[in-house]
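*Asks:* Each chain, written out:
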Amino acid sequence: MAQIEIENVRKVYPGGVEVIPDLSFDIAAGELCVLVGPSGCGKSTLLRMVAGLEPITGGEIRIAGRRVNELEPVERDISMVFQNYALYPHMSVYDNMAYGLRNRGEPKTTIDAAVRKAAKTLGLEDYLSRKPRQLSGGQRQRVAMGRAIVREPAAFLFDEPLSNLDAKLRVKTRVEIRDLQQRLGTTSIYVTHDQLEAMTLADQLVIMNAGRIEQAGPPLEIYERPASVFVGGFIGSPPMNFLPCFAGAGGVETATGQRLSGDSPAMGDVTAGVRPEDLTPDAAGPLPLHVRVVERLGATVHVHGVLEETETDLVASLPGSDAPNPGEVLRLAPNPGKLHYFSAETGRRLG
Amino acid sequence: MRAKRVTFRHRWLPYALIAPQIIITLVFFLWPASQAIYQSVLRQDAFGLRTEFVGMANFKRLFADPLYLESFWTTMAYSAMVAASGMLIALVLAVMADRVIRTATAYRTLLIWPYAVAPAVAGVLWWFLFNPTIGIAAYAMDMLGYDWNHYLDGGDAMALIVIAAAWRQVSYNFLFFLAGLQAIPRSLTEAAAIDGAGPVKRFWTIQLPLLSPTVFFLIVVNVVYAFFETFGVVHATTSGGPGNATNILVYKVWRDAFEGLNLGSSAAQSVILMVIVILLTAIQFRYIERRVEY
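Going line by line, the protein sequences match chains A and B. Residue 606 is where the first sequence starts when you use our numbering, and the numbers rise one by one after that. Residue 173 is where the second sequence starts when you use our numbering, and the numbers rise one by one after that.
In silico lysine-lysine, DSSO-like type, Cα no more than 30 Å apart, as pairs:
1) K722(A) / K777(A)
2) K736(A) / K777(A)
3) K713(A) / K373(B)
4) K736(A) / K713(A)
5) K722(A) / K373(B)
6) K725(A) / K373(B)
7) K773(A) / K725(A)
8) K736(A) / K773(A)
9) K725(A) / K736(A)
10) K736(A) / K722(A)
11) K725(A) / K713(A)
12) K373(B) / K736(A)
Among chain A residues calculated to face chain B with C-beta under 7 Å, some are:
13) P678
14) V679
15) M685
16) A691
17) H695
18) N708
Here are a few chain A residues that sit away from chain B, every Cβ distance over 10 Å (derived from the structure):
19) T778
20) P849
21) A860
22) P870
No lab work stands behind these hints: they were computed from the structure. Note that beta-carbon positions come from the ideal geometry of N, C-alpha and C, so glycine has one too.
My request is simple: use the sequences and hints to build the entire structure.
*Replies:* Have a look at this one:
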């Protein structure tokens, strides 16, 4: 059990490209922290700096209270699962898992016990003598996990470990990773660009954009109170709807003069955000939706369309029973208390 | 998978297209090769006035000739040394170049240059450097107390042709090693670093095993090179001497034919060399793709 602290970390690549200007956050012992963001936001770079694969330009990273900036990867007591698994192709599954222990000079019996234990945990006992190329994608992924857990490190680092699996296996493996992490209680950092993985796995979710933290916190809190337009649009599927609005003394009105709400968060131009599932059909609602596409998912229906007299796209997620048809106009109202307001200039949350 | 069939409008066109290759093979390989086989069963006097059929006598005499067997072992030792030194130096250079990120292309270009030098020119170059009277390398060794003279010392002469032959081959090997090293995914070495392997251990346990197909390929190529393509190097530096210290098989073929005028024996020697090159090529084709598996 180890705490990971990241303090004022900065990363500039040779050539002057600043990927991470200044970043700080802590991960409590035993917690699974997910770093999520679009590609190029610096999440993988941050993970590689924690792993020791990338030099740290400024600031300090501490694992279990120990400054690791100058330490070699092996001295940091971490293990990492790579996106392409990085299994040693010329070694058997057994040797792949034993490699790290052998390098540490552990006695043969200890290594054997540890490898067999990890193999049992992951259901790999029958494959120990196989080479990686004789395994399926899911099995390779588990060998990569096995190599990570066999050394019992202070922290696991995951670099998009599921992105090479098909959709079904991804869901299954996601559950397995979470289960394993909870049983072992090992502090973990998990990098992904998939918001669903992020929401389902995280104890703490860190949303990154252009090398900065947009918002950090428990996933549900972020879902309920997104700190910016970026976070609102990134977390949740389908993403949050945004409407340009004007806030005056009499309340908030849409661009076409429909009153959304009686109280104003601020004065002037604001962006109102409402999640698709927080919209309800209402004959007197302020949002007339010109329906274009209807996606029936069984339990729910996603209604895509454009607000009448504007070019604002809108998605509503409705119960499966009441689906409109394309071409109809459906009047919607936001559920009370489910409107989010953001500054029209900075995109930050108001109130 | 079904083979792609291309239909030509004229029946002669496909034959015309492969004709140049066929003609080159006929004129420069099949014709001389058959001549060599024919000559190898004949005995001819030095002026070509009388020729008689002797069957396998030329071959029998070769295998009983201590000079030929000596040349055979000299060639084995020579090609082993050329392949080993050329590959080791190339591997060290490739590992170092693989670490360099900035100006990598410049290093690579510089290291490839020697390959563009013809073997005979390379031989002359090293001959000048190591010439006991005027050579700067010989002078430097003299300062260090070593009396270098490849005209008198067989060991020195062997070292000279190994250096001259391997020098050129370093470039070629370097290219293959570098490409092989760069084909190994970075994440493998990173994973090994996290698994606690230092740079040296990573090289021995990860990079070298993954490079083994390249190593095998280069062994075959280098041995073939040392066996058959270094005539120019030997001719320009030691001329097979002193004595027979550097009289390798290809050089002996030439010497026996054009200096000794023993055409039958020389032809028999070329036939043996041909068998060796066919064997080496067969090994290369048979195992190169199979050995790739790890």
